[in-house]
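**Q** Sequence:
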Amino acid sequence: MLLQVPATLVLLKRLSTARDRTAPLLPLEPAAEELAKQSPKVSIVIPTLNEIDRLPTCLEGLRDQAAKEIIVVDSRSQDGTPEYVHKLQKEFPIPLKLITDDPLPEGWVGRPWALHTGFLHSDPTSEWVLGIDADTLPQKGLVASFVQQATEDNFDIVSLSPKFILKTAGEQWLQPALLITLIFRFGATGDRTQFTEDRVMANGQCFLSKRTKLVELDGYELAKSSFCDDVTLARAASQRGAKVGFLDGAALMQVRMYTSMEETWREWGRSLDLKDASTPTQTFVDCLLLTAVQGLPIPLLIALSIWQPVPSLLLNILFWLNVFLIFIRCLLVFGIRTSYTEVGFWFWLSPLADPFAVMRIWISAFTKPKSWRGRTYS
Numbered sequence: 001m002l003l004q005v006p007a008t009l010v011l012l013k014r015l016s017t018a019r020d021r022t023a024p025l026l027p028l029e030p031a032a033e034e035l036a037k038q039s040p041k042v043s044i045v046i047p048t049l050n051e052i053d054r055l056p057t058c059l060e061g062l063r064d065q066a067a068k069e070i071i072v073v074d075s076r077s078q079d080g081t082p083e084y085v086h087k088l089q090k091e092f093p094i095p096l097k098l099i100t101d102d103p104l105p106e107g108w109v110g111r112p113w114a115l116h117t118g119f120l121h122s123d124p125t126s127e128w129v130l131g132i133d134a135d136t137l138p139q140k141g142l143v144a145s146f147v148q149q150a151t152e153d154n155f156d157i158v159s160l161s162p163k164f165i166l167k168t169a170g171e172q173w174l175q176p177a178l179l180i181t182l183i184f185r186f187g188a189t190g191d192r193t194q195f196t197e198d199r200v201m202a203n204g205q206c207f208l209s210k211r212t213k214l215v216e217l218d219g220y221e222l223a224k225s226s227f228c229d230d231v232t233l234a235r236a237a238s239q240r241g242a243k244v245g246f247l248d249g250a251a252l253m254q255v256r257m258y259t260s261m262e263e264t265w266r267e268w269g270r271s272l273d274l275k276d277a278s279t280p281t282q283t284f285v286d287c288l289l290l291t292a293v294q295g296l297p298i299p300l301l302i303a304l305s306i307w308q309p310v311p312s313l314l315l316n317i318l319f320w321l322n323v324f325l326i327f328i329r330c331l332l333v334f335g336i337r338t339s340y341t342e343v344g345f346w347f348w349l350s351p352l353a354d355p356f357a358v359m360r361i362w363i364s365a366f367t368k369p370k371s372w373r374g375r376t377y378s
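Per the working numbering, the very first residue in the sequence shown carries number 1; after that it's consecutive.
Just to be clear, a hint being listed does not mean it is correct.
Capping the alpha-carbon separation at 20 angstroms, the derived lysine to aspartate or glutamate pairs in DMTMM-like fashion look like this [to be verified]:
(1) Lys97 <-> Glu69
(2) Lys370 <-> Glu267
(3) Lys370 <-> Asp276
(4) Lys90 <-> Glu106
(5) Lys213 <-> Glu69
(6) Lys243 <-> Glu152
(7) Lys37 <-> Glu91
(8) Lys243 <-> Asp218
(9) Lys370 <-> Glu342
(10) Lys41 <-> Asp153
(11) Lys41 <-> Glu152
(12) Lys243 <-> Glu221
(13) Lys41 <-> Asp64
No lab work stands behind these hints, which were simulated from the structure alone.
Let's have the full structure, built from the sequences with the hints guiding it.
**A** Okay, structure coming up:
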């Protein structure tokens with residue numbers, strides 16, 4: 001109770017402001033989008049390493065966007081990714097560049113190095129640099145709508161949360177529980193009341209920056225060793241006075257991050273703790289909060305239902321407190337359903353995965369990744 005009561009109060013405070021969050025972004029009217037295409041302001045950078053199975057869909061979604069150029073930065077793929085890009089270059093409606101980045105320098109992680117390389121090779125007359133992952137499926141009007149919103153709100157850096165594509169039963173069961181760990185820690189997407197300089201959230205799958213701001217920050221240098229470079233760079237920029245945003249882009253982009261429950265547990269789970277963008281104290285407090293409000297309620301309720309000690313006021317409070325926490329969690333299943341292209345039977349059972357999701361955050365918080373997207377790190 002000493003852990004759960006204050007954690008529940010913190011959680012209720014975070015969730016109470018969700019109704020006031022910024023509305024999800026929507027595609028522009030056709031006339032406004034066509035106007036944006038006449039004077040494109042955006043350089044798009046796509047980091048790739050063996051992405052032949054994902055990149056074609058991403059590039060297809062970018063064919064008709066309001067972009068000045070698309071730069072594919074390849075890290076010596078062995079699966080035909082560069083050859084595929086090379087074949088597209090002549091007929092692609094937007095200038096399509098293919099760059100092979102230099103060998104990874106000491107202290108750099110592969111993804112921020114590729115994004116940094118793309119930034120350095122981007123058109124200096126571009127006003128914006130948009131980093132997009134190869135596993136995204138850009139929807140019609142993504143770039144024009146995104147840039148217009150960023151301009152209206154005067155953001156220096158802003159990113160979008162996507163609509164997730166889940167296909168297997170294991171993904172539908174585990175992935176929503178992992179997603180909830182972010183909501184419990186940082187509030188709903190677009191809820192600006194949650195943001196402080198050291199608690200800014202971001203999503204590198206669709207990450208828009210003013211080019212002048214990246215020049216000021218020396219590109220991705222501040223996030224070079226981070227396995228959550230998106231959040232690390234956004235927080236570093238915010239602490240230096242940049243205006244940073246995180247908006248709901250479910251209507252503008254979809255993403256198929258991983259192809260199985262095992263891959264979701266391994267790949268997403270080891271960066272979801274965000275320890276590279278947080279202090280050790282912040283990481284530990286976040287883990288305690290998740291334990292209290294997400295990891296313990298179901299096990300405690302089962303234990304209290306099976307083990308029937310002499311009734312007491314404290315045990316009654318503990319029982320009904322955990323009933324309340326599970327009720328909140330079940331409501332959130334309905335709240336996040338719009339973040340998925342389709343929801344099936346196992347999605348609705350995702351609260352049962354909560355103890356495992358919290359366990360994954362603890363494991364990740366105290367271990368350092370040794371491999372990432374085909375690369376090995378010491």
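**Q** A separate judgement is required for each hint: does it hold in the structure or not?
**A** A quick look at each hint next to the structure:
Between Lys97 and Glu69 the CA atoms are separated by roughly 8 angstroms; this keeps the pair inside 20 angstroms, and the hint holds. Taking the CA atoms of Lys370 and Glu267, the gap is near 11 angstroms; set against the 20 angstroms cutoff, the hint holds. Between Lys370 and Asp276 the CA atoms are separated by roughly 14 angstroms; this keeps the pair inside 20 angstroms, and the hint holds. For a cut-off of 20 angstroms, the pair hint linking Lys90 to Glu106 is broken: about 36 angstroms separates their Cα positions.
In summary, the hint linking Lys213 to Glu69 is supported, as the alpha carbons are separated by about 19 angstroms, within the 20 angstroms threshold. For a cut-off of 20 angstroms, the pair hint linking Lys243 to Glu152 stands: about 12 angstroms separates their Cα positions. For the proposed pair Lys37 and Glu91, the alpha carbon gap of about 18 angstroms is at most 20 angstroms, so the pair holds. For a cut-off of 20 angstroms, the pair hint linking Lys243 to Asp218 stands: about 17 angstroms separates their Cα positions.
Between Lys370 and Glu342 the alpha-carbon distance is near 33 angstroms, which puts this suggested pair outside the 20 angstroms criterion. About 17 angstroms separates the Cα atoms of Lys41 and Asp153, which keeps this hinted pair within 20 angstroms; it holds. Between the alpha carbons of Lys41 and Glu152 the distance comes to roughly 15 angstroms, so the proposed pair stays at or under 20 angstroms and holds. Only pairs whose Cα atoms come within 20 angstroms are accepted, and Lys243 paired with Glu221 is accepted, the gap being roughly 19 angstroms.
Simply put, Lys41 and Asp64 have alpha-carbon atoms about 14 angstroms apart, close enough for the 20 angstroms limit, and the pair holds.
When the structure is compared with the earlier hints, violations turn up for hints 4, 9 and for no others.
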